[in-house]
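J.: Under the numbering used here, think of the first position of the sequence shown as 1, with each following residue one higher.
Just so you know, the hints here were simulated from the structure itself, not pulled from any lab data.
Among the hints, a few may not be true.
Heads up, simulated DSS-like pairs for lysine-lysine below, C-alpha to C-alpha not over 27 Å straight-line [what the hints assert, rightly or not]:
(1) K16 / K49
(2) K49 / K105
(3) K123 / K105
(4) K105 / K174
(5) K105 / K16
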Amino acid sequence: MAGRVSDEAVFDAVLKVVAEQGYERATTRAIAEAAGINEVTLFRRFTSKENLLRQAVRSNFTGFSLDLDAPGDDVEADLLTIVSYYARLYETRGGVVLTLMREAKFSPDVAAVLAEPEALLEKVDEVVLHHQRRGALVVEPPRHTFFALVGPLMMRSFARRVDRRATQQPADPKAVVRRFLEGHRPEALP
1 MAGRVSDEAV
11 FDAVLKVVAE
21 QGYERATTRA
31 IAEAAGINEV
41 TLFRRFTSKE
51 NLLRQAVRSN
61 FTGFSLDLDA
71 PGDDVEADLL
81 TIVSYYARLY
91 ETRGGVVLTL
101 MREAKFSPDV
111 AAVLAEPEAL
121 LEKVDEVVLH
131 HQRRGALVVE
141 PPRHTFFALV
151 GPLMMRSFAR
161 RVDRRATQQP
171 ADPKAVVRRF
181 LEGHRPEALP
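My request is simple: use the sequences and hints to build the entire structure.
T.: The structure is reproduced here in structure tokens:
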């Protein structure tokens with residue numbers, strides 16, 4: 001007799017199936033099969049597909065540490081913390097992140113699930129605003145700064161999903177931050 005399948009194994013299965021098929025097309029039957037459990041067990045343990053996705057996303061995000069509670073005076077160090085976090089996220093879960101971002105606009109279930117990761121983006125906004133007020137970054141809407149910072153990571157993840165010739169090398173967070181800062185530090189006053 002097989003042992004109980006762990007929640008983590010089920011969460012990995014749901015994130016994999018959603019990355020491949022999208023949330024709306026991913027069936028609980030396909031998720032159960034990928035996890036190696038029966039569909040009734042899936043519902044007994046998680047009650048609904050939305051709840052399953054919510055728990056999987058929550059569990060996945062807690063597996064990454066991002067300490068942004070106290071931004072410092074070193075803009076490069078703080079940005080490196082952010083980029084390192086998102087580099088790991090996109091390397092391991094890039095497919096599901098891109099899928100959920102795309103589907104959130106059309107699916108209230110997905111939008112509700114992404115409310116928790118949105119709180120993380122608000123912390124990133126505070127770090128950006130802190131460094132803008134210090135004069136270390138160009139003043140612009142914080143999300144513009146965020147997307148300019150992590151955009152290369154997102155594109156690398158996207159490119160690997162659609163172009164087999166795209167680089168398979170992980171991004172170098174230090175290089176990403178260095179290149180970003182070349183274009184986002186305020187210009188020196190004459």
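J.: Within a Cα-Cα threshold of 27 Å, do K123 and K105 meet the stated pairing?
T.: This hinted pair holds, its Cα atoms lying about 22 Å apart.
J.: Is it true that the CA of K105 sits at most 27 Å from the CA of K174?
T.: violated, 32 Å
J.: For K49 and K105, compute the direct alpha-carbon distance and say whether it is at most 27 Å.
T.: Holds - the C-alpha atoms of K105 and K49 are around 18 Å apart, at most 27 Å.
J.: With a cut-off of 27 Å on the C-alpha distance, tell me whether K105 and K16 pass.
T.: holds, 20 Å
J.: Check the hint pairing K16 with K49 against an upper bound of 27 Å on the C-alpha distance.
T.: holds, 14 Å
The structure does not agree with numbered hint 4 stated previously, though it agrees with all others.
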